[in-house]
Amino acid sequence: MTASPFSPEEVARIRADFPILARTVRDGAPLVYLDSGATSHKPVQVLDAERDFYERLNSAPHRGAHALSEEATAAYEGARERIAGFIGAAAQDVVFTKNATEALNLVAYAFSGSPHPGIPGSERFALGAGDEVLVTEMEHHANLVPWQELCRRTGATLRWIPVTDEGRLDLSDLDSLLTERTKVVAVVHASNVLGTLNPVDELVERAHAVDALVVLDACQSVPHLGVDVEALGVDFLAFSGHKMFGPSGIGVLWGRRELLEAMPPFLTGGSMIETVRMEASTYAPPPQRFEAGVPMTAQAIGLAAAVDYIDALGIERIHAHELALTERLLAGLAARPWVTVVGPTDLESRGGTVAFVVDDVHAHDVGQVLDGSGVAVRVGHHCAWPLHRRFKVAATTRASFAAYNTVGEVDALLDALDTVPEIFGDPRLRGAS
Amino acid sequence: MTASPFSPEEVARIRADFPILARTVRDGAPLVYLDSGATSHKPVQVLDAERDFYERLNSAPHRGAHALSEEATAAYEGARERIAGFIGAAAQDVVFTKNATEALNLVAYAFSGSPHPGIPGSERFALGAGDEVLVTEMEHHANLVPWQELCRRTGATLRWIPVTDEGRLDLSDLDSLLTERTKVVAVVHASNVLGTLNPVDELVERAHAVDALVVLDACQSVPHLGVDVEALGVDFLAFSGHKMFGPSGIGVLWGRRELLEAMPPFLTGGSMIETVRMEASTYAPPPQRFEAGVPMTAQAIGLAAAVDYIDALGIERIHAHELALTERLLAGLAARPWVTVVGPTDLESRGGTVAFVVDDVHAHDVGQVLDGSGVAVRVGHHCAWPLHRRFKVAATTRASFAAYNTVGEVDALLDALDTVPEIFGDPRLRGAS
Amino acid sequence: MDLYQELILEHSKRPQHAGLREPFEAEVHHVNPTCGDEVTLRLHIVGEGPTAVVEDVSYDALGCSISMASVSILAEETIGHPLSEALTTFEAMKAMLTSKGEDPGDEEVIGDGVALAGVARYPARVKCALLGWMAFTDALHQSGHRVAVTGTDPEEGTP
Amino acid sequence: MDLYQELILEHSKRPQHAGLREPFEAEVHHVNPTCGDEVTLRLHIVGEGPTAVVEDVSYDALGCSISMASVSILAEETIGHPLSEALTTFEAMKAMLTSKGEDPGDEEVIGDGVALAGVARYPARVKCALLGWMAFTDALHQSGHRVAVTGTDPEEGTP
Ligand SMILES: Cc1ncc(COP(=O)(O)O)c(C=O)c1O
Ligand SMILES: Cc1ncc(COP(=O)(O)O)c(C=O)c1O
Ligand code: FES
Ligand code: FES
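Chains as they are written, first to last, in this note's numbering: chain A, 1 to 433; chain B, 1 to 433; chain C, 1 to 159; chain D, 1 to 159.
Hint data in this document are derived by calculation from the structure and do not stem from the laboratory.
Where is the CB? At the ideal position from N, CA and C, for every residue including glycine.
Every clue listed holds true.
In silico SDA-like cross-links for lysine to any residue, where the CA-CA straight-line distance does not exceed 20 angstroms:
#, chain 1, residue 1, chain 2, residue 2
1, D, Lys-13, D, Gly-118
2, C, Lys-100, B, Gly-78
3, B, Lys-392, A, Glu-279
A few chain C residues that don't get close to chain B, going by computed Cβ distances all over 10 angstroms:
#, residue
4, Leu-9
5, Gln-16
6, Glu-27
7, Val-28
8, Val-46
9, Thr-51
10, Glu-76
11, His-81
12, Ala-92
13, Val-114
14, Gln-142
15, His-145
If you only want the chain C side, here are some residues facing chain B, beta carbon under 8 angstroms, derived:
#, residue
16, Val-31
17, Pro-33
18, Tyr-122
19, Pro-123
20, Ala-124
21, Arg-125
Make a model of the complete structure from these sequences and hints.
Below you can see the structure in the form of structure tokens.
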């Protein structure tokens, strides 16, 4: 049994930082929030940091010479440095976006049918018929649909790595999928459904051997594991702030410097330019080139505070705590023969996300029953519809953990789950037969 | 003399809602914030609304069946309705973006070289050689560069309406600029430099006569005038939340329903889809089609609170108050022969933004001196570089007003301005010679 | 849970009139994008204008208990009924489901539909209960029957 | 204001060595994107390696008093000096300007440059004071003189 490094007292102290966890839902049931994979809650430290910015420094960064603007710029760029440091990156290689989805689209839109005449090196991002983009069958729509659209625009071909019954990438056919035609490999680091951690090392090695760029969707890893962009060896990495105790409305794209420099701009407008004439414009170096308009200033500062919060707890300890909860949940589900876990059933290469189905009961009905007891889980295809199709289910029920979750909450989920067969008839008998 | 509808007591009460206005800058100078055109400050009502959302309802909207998610969805969609109502629009025609820049890019990216096979009616958005996009010489980069890039991508031609010495659009040559080749007319409602209010009625009539779509950059009008999308008759309208007492990180695109429906998606990913298969996807109707990923939930709610705040004061009264301050400033500047206003010097069709230059002193030096007295103004080209080139200046100094500004602050600006010639020599003599 | 009335569970386990049958004038396929659930629905109408009668509603559905029960009730409450009456039933169902719990539903008009009254308190599930009805009105529209139908927009009535 | 030392105002009103002259090995054009100010700068170097001497720095500049004063001081402090010394001056200027006010500057090394010490307290103006210097190091780079130069990135040293 994996033990959590957090004592119950420590978890209680953590919980006290999240006012929302004290509330009740429906008719007075205490909230059991097991949906941090969709979005996490925010500690007062993050809320205070945002508010403090608005009450003391608020101003448009990079847009003025007055004192407030200077202070806001320093705070904004300080936040960039802080967040970059958290993933082992240099500040100038970190671009702020509104969410991970924008970050992934930014990379996909860097590619087009022809190089940008104003950006030396942008030939690297020209795609056409005969070129291929490789994704996986377990991608979140955010790391799938932008590549479908890119292929539609350029005539390139989308290919994908299938998923095994155990919920792992099936690399057996990789040689024919990943070839010198492949220009991009876009893959999720930790699946937001299965919890699977993908073998980034192997994929990077194979991709780089054929000169393909690797785009890593790190939405479900950066909040829960220690992620270091250099150690990973990928070319781009995207994640969202709101899943890691940060505010809504901010995401991050990290890119290898020489690639960012060779990328055409995406959103254009104020502060991303070098010179503007009516006839044409030239563009600033990264990261400014990719941050058009007044940015998510307060949100960047809030996210930096979230990173401080995570660092104070220790990301390794958070991961271990979540794995301990995951283990308890997996054991509880295994003891219920009418429940089937979709994804790895042990802790090997796994994050704290557990998806499952209940025999003969639709995931939305399961979720609704749990919700009636105050247990908040996510139901549906979790923006990974092809993955669900592959497992021949329309929807799953998903529990996902954060530092503030407790053993008692896992038990509350299991207890509430036991009322499902009571309500919908007794699949236990069927399950046992 | 225009009188402000706000009594000094009322302005004092308003100021009390903005904690930052009580601070000092540099070495103890009280802050005189005349840079609301770059970004406005936020009243506690807005900060409270955001915080309350995080502390009570935080969850990912449209992504779950549990209680919190339902409440967050209701709050988010309620905010959309509130904000839509403020501009006379239906909620379903309002798309949330991260800022106005994204909103304008969203429209520009809807156009491309070929229709989207999955979106009926998208032929309307196919451009090519021979087609033209018409902008003006006074556009903010956010409503200029996206159109330059669109023309580069599609082979269409960019044309522009020049600006007169008085800082008005020069429509004398409109017949040759706006023809049946014109597909889009993109124009700013209120100039962020000159303060000029442009003749939207006339432009809409002329544009629609040749079947061109009108995109209005309303960043500087929605916060200060009563704007009604139906009355304006435009096809698209964009603005930012942060200039109207709202949080950073949220903008709005309004579009005519049949146009939004015919527009291909821009950012793709979660929650904007209808069905997703590995091979291809189909897309949700607007506004969801244009809101990929977990949205700026708290920011939408904050912006709705900002709209409540504006409504409580009355947008017409805000406008009148700002015009009274503008008149006082224009009079003060006119009395200083060494100062030249760039833009209209009277209140006719004008907003509360005043740009000027001081003889023989660079705008950044003027701004720095003002800043030394606590007066925060913006200096530079204000993201309207071609406009500055047209007036043969590299940079101007710009004061811009909001509801919380006072007559005393206008006087503080003028007093500080008088120290400029003291420091840099006495252009008064030159100005008078 | 108050949501899962016995009647709902019965309908969802033994959906009435399930399966796809002939003849039909219109067949539609509707998907609920949030969950991926689907319904294929066929409509067979006999007669024209005020004398039109819903002769058959047949369907193949995959979904949650709420959507399954709702389409089953739809079939039960419309097959063999004058089209105008079926539309009244639809309007009454929709009014109840989008009332946020204020309209308990009239058993005289919607029959077993009243068992779905609790759904109105769960905005995320309203779409489930309307899925079949939206398919029904869409099929009606496609069959060319010119009857004033409101709310064929599947987005309407959900937050 | 402490920022506008008399020396700065003098240099900015009467920039030393202004104008573009021949001969030169490299000419560069730099723009400060935040304000639109520009400088065209020519560099003439005589000799090679350790014996190289900055024979002339000529320029055409349009900018604020800080940028004008800075390029004027640059010309004054580098023309006629060994290249290695000019680079030391550059390094010392840059260190002072990016010190956030902690490094007051050494008059022995940077001469009138010390008048710009106050700029370090105004991050938005650091770029102004560095504009000419960045053009200088860029020109040096383009002239092919292989001297280790740090900080030719115009973004560096600004927030
Ligand atoms: C007229 C005008 N258009 C567009 C913008 C861009 O707005 P944002 O930076 O919030 O995207 C601004 C403000 O910066 C503006 O004043
Ligand atoms: C694996 C994964 N990728 C991408 C996303 C998209 O993130 P966002 O919605 O914040 O843009 C998510 C979360 O929704 C996710 O879990
Ligand atoms: S959950 Fe899919 S229709 Fe109810
Ligand atoms: S303000 Fe342009 S260089 Fe100083």
